[in-house]
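The letter at position 73 of the sequence shown is residue 72 when you use numbering that gives the first Met the number 0, and the numbering goes up by one with no holes.
Rather than coming from a laboratory, the hints here were simulated on the basis of the structure.
A quick note: this is a predicted structure, and the numbers were derived from the prediction, not measured.
Be aware that a few hints might be false.
Unchecked claim - Result set (DSS-like, lysine-lysine): computed pairs, CA atoms no more than 25 Å apart in a straight line:
1. 199 <-> 36
2. 48 <-> 17
3. 36 <-> 189
4. 192 <-> 17
5. 13 <-> 69
6. 88 <-> 113
7. 36 <-> 80
8. 48 <-> 189
9. 117 <-> 97
10. 76 <-> 98
11. 69 <-> 17
12. 48 <-> 98
Stated by the list, open to error - Quick list of simulated restraints, FRET-style, between CB atoms:
13. 168 <-> 108: 34 to 44 Å
14. 181 <-> 105: 28 to 38 Å
15. 94 <-> 193: 34 to 44 Å
16. 70 <-> 94: 33 to 43 Å
17. 58 <-> 8: 14 to 24 Å
18. 44 <-> 76: 16 to 26 Å
Note that beta-carbon positions come from the ideal geometry of N, C-alpha and C, so glycine has one too.
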Amino acid sequence: MINEHNPIAQLVGKIQNKWIEEVSPDPEIQLVRWLIKPSQADLYAGFLKLESTPHGKIPEVSIVLLSHFKDYNIHSKTLIKDWLEAYEKDEAFHEALKKNNLTFNWDTEKYKNKLSDKNTNYNLLLLEMLAAFQKALPNPELPVVLSLYPYSIADTDDYQAWIETLMQTGFPDRVRLMIFDFVEDAQFDKMMKQYPKISKSLSIPLDV
0 MINEHNPIAQ LVGKIQNKWI EEVSPDPEIQ LVRWLIKPSQ ADLYAGFLKL ESTPHGKIPE
60 VSIVLLSHFK DYNIHSKTLI KDWLEAYEKD EAFHEALKKN NLTFNWDTEK YKNKLSDKNT
120 NYNLLLLEML AAFQKALPNP ELPVVLSLYP YSIADTDDYQ AWIETLMQTG FPDRVRLMIF
180 DFVEDAQFDK MMKQYPKISK SLSIPLDV
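With the hints as constraints, model all of the structure from the sequences given.
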């Protein structure tokens, strides 16, 4: 159980509340950028870790992937592979479904087969998987957030180009993308300005 009186828990609570107040009520928002300081990196990692457990607070289902960004052409494939592997190992998720007698019809074998097909468009497949995952939820009105916090980014411009490709392709209904940017650099400013109606930048003064 999370100790709400713990100072770190209180800071994470501020992050959660910011999202709940400014993102959750607006169904049009598809791209959310957190502007953070390097000293806050571990705190936001803790926020993501918490949101991927039953103790999460935001009213969306968060799919957290920390995959290294190595190359524009392979990143969607990497995310798909890592997501499928994490899903199979997520005992808590499967146990919760079983305990509550809930069905979750998400055909992972189909995506595994497409993953090994050289003719697959992996960007489209990733978006297809997100849409199918969201629709398979016991509550089909519940949005899904693809939360990306790469361990490393080989080329920031390349990473931004990859995100823009997904945005141009079009996110499914009730699916959002969460990314992170250091406030001193604000490297994704230009991209965010390209999508003013469906994007939002968030920042919180946190004393860590």
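So, going through the hints one by one against the coordinates:
no., hint, result
1, 199 <-> 36, "holds, 18 Å"
2, 48 <-> 17, "holds, 17 Å"
3, 36 <-> 189, "holds, 19 Å"
4, 192 <-> 17, "holds, 21 Å"
5, 13 <-> 69, "violated, 32 Å"
6, 88 <-> 113, "holds, 20 Å"
7, 36 <-> 80, "violated, 30 Å"
8, 48 <-> 189, "violated, 29 Å"
9, 117 <-> 97, "violated, 35 Å"
10, 76 <-> 98, "violated, 32 Å"
11, 69 <-> 17, "violated, 31 Å"
12, 48 <-> 98, "holds, 22 Å"
13, 168 <-> 108: 34 to 44 Å, "violated, 24 Å"
14, 181 <-> 105: 28 to 38 Å, "holds, 34 Å"
15, 94 <-> 193: 34 to 44 Å, "holds, 42 Å"
16, 70 <-> 94: 33 to 43 Å, "holds, 36 Å"
17, 58 <-> 8: 14 to 24 Å, "holds, 19 Å"
18, 44 <-> 76: 16 to 26 Å, "holds, 24 Å"
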